[in-house]
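**Q** Read off the chains here:
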Amino acid sequence: MTAVSSARLLPTDEPRCLIDSDGCAHADLGHNDDTRLPSDVVLLHLYRRMVIGRRFDAQATALTKQGRLAVYPSSHGQDACQVGTVAAMADRDWLFPTYRDSVAMISRGINPVEVLTLLRGDWHCGYDPYLHRTAPQCTPLATNTLHAVGLAHAARQAGEDTVAVAMLGDGASSEGDTHEALNIAAVWQAPVVFVVQNNGYAISVPLAKQSHAQSLAHKGIGYGMPGLLIDGNDAAIVYAAVSEGIARARRGGGPTLIEGITYRIEAHTNADDDRRYRQSSEVTAWLAKDPIERLQKYLQNKGILSDADIASVREDADIRAGRLREAMNAAPALDPAELFEHVYVEPTRNLRRQSRWLGEELAADRRP
Amino acid sequence: MTAQPADAELSMAAALNRSLSDALREDARVVVYGEDVATLGGVFRVTAGLADEFGERRVFDSPLAESGIVGTAIGMAMNGLRPVVEMQFDAFSYPAFEQITSHLAKMHNRTRGRIRLPIVIRVPFGGGIGGVEHHSDSSEAYWVHTPGLRVVAPGTASDAYWLLRQAINSDDPTIFLEPKRRYWSTETMSAAPAADFDRALVRRGGSDATLIAYGAMIDTCLQAAEAAVEVGLNIEVIDLRTLSPLDDDTLVESVRKSGRAVVVHEAAGFAGFGAEIAARVTERCFHQLHAPIGRVTGLDIPYPPPMLEQHYLPSVDRILDAIERLQFDDTVVMPRA
Numbered sequence: 007m008t009a010v011s012s013a014r015l016l017p018t019d020e021p022r023c024l025i026d027s028d029g030c031a032h033a034d035l036g037h038n039d040d041t042r043l044p045s046d047v048v049l050l051h052l053y054r055r056m057v058i059g060r061r062f063d064a065q066a067t068a069l070t071k072q073g074r075l076a077v078y079p080s081s082h083g084q085d086a087c088q089v090g091t092v093a094a095m096a097d098r099d100w101l102f103p104t105y106r107d108s109v110a111m112i113s114r115g116i117n118p119v120e121v122l123t124l125l126r127g128d129w130h131c132g133y134d135p136y137l138h139r140t141a142p143q144c145t146p147l148a149t150n151t152l153h154a155v156g157l158a159h160a161a162r163q164a165g166e167d168t169v170a171v172a173m174l175g176d177g178a179s180s181e182g183d184t185h186e187a188l189n190i191a192a193v194w195q196a197p198v199v200f201v202v203q204n205n206g207y208a209i210s211v212p213l214a215k216q217s218h219a220q221s222l223a224h225k226g227i228g229y230g231m232p233g234l235l236i237d238g239n240d241a242a243i244v245y246a247a248v249s250e251g252i253a254r255a256r257r258g259g260g261p262t263l264i265e266g267i268t269y270r271i272e273a274h275t276n277a278d279d280d281r282r283y284r285q286s287s288e289v290t291a292w293l294a295k296d297p298i299e300r301l302q303k304y305l306q307n308k309g310i311l312s313d314a315d316i317a318s319v320r321e322d323a324d325i326r327a328g329r330l331r332e333a334m335n336a337a338p339a340l341d342p343a344e345l346f347e348h349v350y351v352e353p354t355r356n357l358r359r360q361s362r363w364l365g366e367e368l369a370a371d372r373r374p
Numbered sequence: 048m049t050a051q052p053a054d055a056e057l058s059m060a061a062a063l064n065r066s067l068s069d070a071l072r073e074d075a076r077v078v079v080y081g082e083d084v085a086t087l088g089g090v091f092r093v094t095a096g097l098a099d100e101f102g103e104r105r106v107f108d109s110p111l112a113e114s115g116i117v118g119t120a121i122g123m124a125m126n127g128l129r130p131v132v133e134m135q136f137d138a139f140s141y142p143a144f145e146q147i148t149s150h151l152a153k154m155h156n157r158t159r160g161r162i163r164l165p166i167v168i169r170v171p172f173g174g175g176i177g178g179v180e181h182h183s184d185s186s187e188a189y190w191v192h193t194p195g196l197r198v199v200a201p202g203t204a205s206d207a208y209w210l211l212r213q214a215i216n217s218d219d220p221t222i223f224l225e226p227k228r229r230y231w232s233t234e235t236m237s238a239a240p241a242a243d244f245d246r247a248l249v250r251r252g253g254s255d256a257t258l259i260a261y262g263a264m265i266d267t268c269l270q271a272a273e274a275a276v277e278v279g280l281n282i283e284v285i286d287l288r289t290l291s292p293l294d295d296d297t298l299v300e301s302v303r304k305s306g307r308a309v310v311v312h313e314a315a316g317f318a319g320f321g322a323e324i325a326a327r328v329t330e331r332c333f334h335q336l337h338a339p340i341g342r343v344t345g346l347d348i349p350y351p352p353p354m355l356e357q358h359y360l361p362s363v364d365r366i367l368d369a370i371e372r373l374q375f376d377d378t379v380v381m382p383r384a
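In order, the protein sequence lines correspond to chains G and S.
Residues in the first sequence are numbered consecutively from 7, following my numbering.
Residues in the second sequence are numbered consecutively from 48, following my numbering.
Hints are computed from structural coordinates only; laboratory data are not their basis.
There's no promise every hint is true.
Unchecked claim - Residues on chain S that point at chain G, a partial pick, calculated with CB under 7 Å:
1) R65
2) G96
3) L111
4) A112
5) I162
6) N216
7) D218
Said to hold, decoys possible - Listed next, with one range per pair, are the computed distances between beta-carbon atoms:
8) G:A333 to S:D218: 48 to 58 Å
9) S:D108 to G:D97: 33 to 43 Å
10) S:S232 to G:P212: 27 to 37 Å
11) G:Q360 to S:A241: 48 to 58 Å
12) G:A333 to S:T329: 41 to 51 Å
13) S:D296 to G:D341: 19 to 29 Å
14) S:R246 to G:A333: 51 to 61 Å
15) G:D341 to S:E330: 24 to 34 Å
Beta carbons are placed, not taken as given, at the ideal position from N, Cα and C, and that holds for glycine.
One chain only, chain G, in its complex shape:
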């Protein structure tokens, strides 16, 4: 590898940013001269999707308090990473999300009720992965990165121009599967974009106990792939960086590792108590870097987002949240017999016996 190409694989020392937390536009610090501020149409789309996502997130958190969801891991604060990533993807691309990517998934067009099926607990994956080209939400962290590599490789071998986007966090970057996925993706030059949402914590464990690397994006060069370090609260740079990674992958240039610096405003889940491991002043400081506020400021200053537009976007988000609340108030249809139906493509003799037995037990329970 020559010195020049090595330099192009390294991330910038500081996270790249196109719109700062004051809502001011900046020139990109990156190596790629093509990385420019997305168009107004794209920025307005990102804004709208983030407002809808934030409202969805608040509604889902409320549903845990009402006992409608078993648990909910909030995306609050990571809105730009999730919305920006999905906005950069084509319909034919594949998303491999984790359990904290609900906002990414509703941005992908998946019915919010189906997104929350896992967390309500009436089944594991509530949506058709092929319909939305979105894999089931991955709970054993980093395992999804390998699925993304395999799918991307198979697609490329078949002559399709599909790109796979694998979502992971700073905690998952320590898992062995992340290493295997980055390495194999680079060896095979698979069309994959790895998007790391570095929110500072793996539940309670801070990044300093997770990695000694200068940044997680610096790991890219070790695999021979570009690493991009970006401001994960700037939807514009997330969109631009993921677009750059997808474009590289689509033209056969192999994988890209992107690290977005962001922050998890809420606790790990509603069941977590974050006061045990972080100061509230830290949370307050990050609230000032809010992804939605800064983009709103930028769009307002540019004169392309009026107060009426803002009210209209918020009203749309409220209506969607209301529909979600109503849908989640209805008890889900549960069929115990279905427990046996999908274990194998055809139920085995053993499972058919157990299904009959459960059916008889349920019938006996119903007798007066």
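Starting from the known structure of chain G, fit chain S onto it as the hints suggest.
**A** Below, chain S alone, put in the same frame as chain G:
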């Protein structure tokens, strides 16, 4: 599936090679990969020549990463391929444990049948070849304990060919356990599968007792059954072939007839697959049983160093001893090999 190998006499390794070759030829969705499988042809040469014949796009060497091999196979299957991957040795499959148990086995169920993973994981398993540490494990209990997986272990060369074809054609994920010490044993290939994919097979008919086994232990059990003829015992030998889903109907039919049974496997006995078989057969044959179901298994120790492995492995003598304990008439005296 065509009957490519009929009448030829092949070793199990060659039969598996032919099986992969025929599957690759008949179905463009089949890909074969793993460590050393392409240029080298696998450390046991099971994949020899396949990369030359089908090209490196369909038969290729992967990085040395077992979790990566299984994890990428899952992604490939999601995009329509039918990957056949190799774990070089039994104990080297453990890094892939999470991908196998949490994803491969569960994907179809968690997506309500929307994602099918027609993946075969080939694993050379078991001892008896003088392998050093970590090269002789029998790990089947981990896999049969995982709902969603098919677990297959052929005992003969012809069955190896057909079971692998059936596994590749199955839309369920399959752990395919190859008894490595039988790789070089030969058999005349049959023109059709000896039985359906998930059915056990009576390898030797008999009415006095039933030996239940799979993989490398089929040959050992057949030898024991022949030796028992000397004392006038007619022993039935059942080859399970598919360990999960288990064909307990065939077992029950045999044991109801014979009233006596011994399960034989190389893996450690404690909480081993034999315990499940003994329990299931007892539940369904209790009133026909004349003796508790016997077990001849490996010892409850880590697989021993090669110079001591003969003390670990089930032998013809140990099987005959177990038959002797099945409470026949006291005058029966077993021969010694």
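**Q** Next step is simple, just say for each hint if it's right about the structure.
**A** Structure-based check of each hint:
Restraint check, S:R65 versus chain G: the minimum CB separation of about 25 Å is more than 7 Å; hint violated. Evaluation of the S:G96 hint against chain G yields a violated restraint, the C-beta minimum of about 21 Å exceeding 7 Å. Because the smallest distance between the Cβ of S:L111 and any Cβ of chain G comes to about 10 Å, over 7 Å, the interface hint for this residue is violated. A least Cβ separation of about 4 Å between S:A112 and chain G falls short of the 7 Å threshold, and the interface hint therefore holds.
About 6 Å separates the beta-carbon of S:I162 from the nearest beta-carbon of chain G, less than 7 Å, and the hint is met. Taking 7 Å as the C-beta contact cut-off toward chain G, the hint placing S:N216 at the interface is violated, the least distance being around 12 Å. Proximity of S:D218 to chain G holds as hinted, the smallest CB-CB distance being about 4 Å (cut-off 7 Å). One distance hint, 48 to 58 Å for the beta-carbon pair G:A333 and S:D218, is violated here, with the actual separation near 33 Å.
Checked against the hint of 33 to 43 Å, the C-beta distance between S:D108 and G:D97 comes to roughly 34 Å, which is consistent with it. Taken as a hint, the range 27 to 37 Å is violated for the pair S:S232 and G:P212, whose Cβ atoms sit roughly 58 Å apart. Restraint check, G:Q360 to S:A241: a C-beta distance of roughly 29 Å breaks the suggested window 48 to 58 Å. Evaluation of the 41 to 51 Å hint for G:A333 and S:T329 yields a pass: the beta carbon distance comes to about 50 Å.
As the Cβ distance of S:D296 to G:D341 is approximately 28 Å, the hint placing it in 19 to 29 Å holds. Between S:R246 and G:A333 the beta carbons are some 46 Å apart, a value that contradicts the proposed interval 51 to 61 Å. For the pair G:D341 and S:E330, the supplied restraint of 24 to 34 Å holds, since their beta-carbon distance comes to about 28 Å.
Hints 1, 2, 3, 6, 8, 10, 11 and 14, counting from the list given before, are not met by this structure.
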